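K.L.:
The chain contents come next:
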Amino acid sequence: MAPTLCFNCKEARAVIIRPKNRHKLCRACFIEVFETEVHETIIGTNLFFRGERIAIGASGGKDSTVLAAVMKTLNERYDYGLELCLLSIDEGIRGYRDDSLETVKRNAKQYDMPLVIVGYGELYGWTMDQVVEQVGKKGNCTYCGVFRRQALDRGATRLKINHVVTGHNADDVAETVMMNLLRGDLPRLSRGTSIVTDSGASDVKRSKPLKYAYEKEIVLYAHHRQLDYFSTECIYSPEAFRGSARTLIKDLEKIRPSSILDIVKSGEDMAALVPAEVRGTTKSKKSGAAEDEPSGGCGSQNGRTSVGEMAAMEQQLSANEVAESNETEIKLPAAQPKAKSQPTKVLKAQTIKHCERCNYISSQRICKACLLLDGLNRNRPKTAIEVGIEDEEGSSTLMRQMERAHLSAT
Amino acid sequence: MVESSTGGYPIPITVEFTGGLELLFGNERKHKVVLPAQLEDGSPPNISYLLGYLVDNLMQDQRKDMFIMEDSVRPGVLVLINDADWELEGEDAYELQAGDTIVFVSTLHGG
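Going down the list, the protein sequences come from chains A and B.
At position 243 of the first sequence (counting the first as 1) the number is 243 in UniProt numbering, and the numbers step up by one without a gap.
At position 95 of the second sequence (counting the first as 1) the number is 95 in UniProt numbering, and the numbers step up by one without a gap.
If you're looking for bench data, these hints aren't it; they were derived computationally from the structure.
This structure is a prediction, so every number in the text was calculated from the model and none was measured.
Think of the CB as a built atom: it goes at the ideal place given N, C-alpha and C, for glycine as much as any other residue.
Warning: the hint list may mix true and false statements.
[What the hints assert, rightly or not] Below, computed lysine-lysine pairings styled on DSS-like, alpha-carbon distance capped at 30 Å:
#1 30/B to 105/A
#2 353/A to 160/A
#3 64/B to 137/A
#4 72/A to 20/A
#5 254/A to 30/B
#6 138/A to 64/B
#7 160/A to 72/A
#8 109/A to 30/B
#9 254/A to 64/B
#10 72/A to 105/A
#11 137/A to 105/A
[To be verified] Computed footprint of chain A on chain B, listed as stretches where at least three residues anywhere in the stretch have a Cβ under 8 Å from a Cβ of chain A:
#12 15-24
#13 75-86
Work the whole structure out from these sequences, hints included.
P.N.:
What follows is the structure in structure tokens.
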């Protein structure tokens, strides 16, 4: 069988079929087309300004590695005049994060970009290993996701950088659209599709330059450029990537590859139809979007949409049903204050406030991260306290008493 | 011995797992595999046969559905035949040739 020739150059052997239009392209043309499309997205949305300092949320995984490679290429090719650096979050998961952080360190050298790593340990006083030790493997993704969302912002603030780009791709956005549709969450639907989301808490804005890039093409781009990326499953949620929304998207893609971008486009069109009073704050773009970023734990390190969220949503939905039939309110572990803020029934404008503790954007008085931390700190096991206290050893009973006294004082 | 190139000689190929799939195969990316020239029914081995072969002989993880679903690769797993998307080569009907490299890439793992 004679090899299929490239649709573009009509010379080289085609190696990929583009999901969005079924064009068959050779390696070189594919790489160029992929990069050009990201460039067009960036230019079309005025994503950056000359001289802007950009932190690339880097996990060592495929999406953020491709993002870093493409950003570097485009910045040089089209002379954006951007100052790029890599920002990584260390969740503190031994045996998982260590390896991927090594990848990020190699990336920093390969792309000649400065790298900053901020850890959950230093930001929150808890590493994920410690969280899991306390809460168990079930539900730990919630913590990871909530913490990660803030961590990128806090890391960027520390670097005095106002713009973080993340590797969210079209599949991620399609997944978010589907989930928000399924739960009838119009405010989030309208906010989740936009390419730029301001956090409101700080001056840090987030954007996703790969928003229109298929995950499939991202993986193939990494493959054909032989990029150095790391893929593994988070050791705490080995099953997480089977999330229903993700599976649905992948199944749809198999039947009709254009589905993914179609869903993204539909999401954008529907977002435009959402009335301003439902959308949340209108005139400023500071719509609390940082909070809306999917709380992806689960092996998706750069805050990608996840499966954890889907599971949480399912849990929430079924809990709501039970609550209705029993006329009781079901309190979900680790998310008690959530029930109130879930706009499942009444569509109300969400007022965006700042957390009284940490000043991060929050629709509640106290943000989710601080609430989770409260829970963790309240139940901090005595062993962990002993480790935390640097004094010479006292009896653990005494320490427990001290801890109790401290708690009742707050 | 035999005229046809796919005749009596076994077919050595290289199989690679990346994007997280290697975890299901003893954490080894590259595997050398030798396939029989002919299957029991006389047909040459194709990708469809290879999938079953890999699950039966190479896979060390119990979770088959991370790789195979409904007798094909799980949606989200890409197959490259000599670096080209398998759709360009006839998907699971592609008949393997000596020296082929088949790459399986998962897009499903964390990014």
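K.L.:
Could you run down the list of hints and mark each one as holding or not?
P.N.:
Hint check results:
1. 30/B to 105/A: holds, 25 Å
2. 353/A to 160/A: holds, 23 Å
3. 64/B to 137/A: Status holds; Cα separation ~23 Å.
4. 72/A to 20/A: Holds, at about 25 Å.
5. 254/A to 30/B: holds, 26 Å
6. 138/A to 64/B: holds, 24 Å
7. 160/A to 72/A: holds, 20 Å
8. 109/A to 30/B: holds, 26 Å
9. 254/A to 64/B: Answer holds: residue 254/A to residue 64/B is near 19 Å, not above 30 Å.
10. 72/A to 105/A: This hinted pair holds, its Cα atoms lying about 16 Å apart.
11. 137/A to 105/A: Distance of about 28 Å is within 30 Å: holds.
12. 15-24: Three-residue rule met by the region 15-24 of chain B, so holds; n is 4.
13. 75-86: holds (count 7)
The structure agrees with every numbered hint stated previously.
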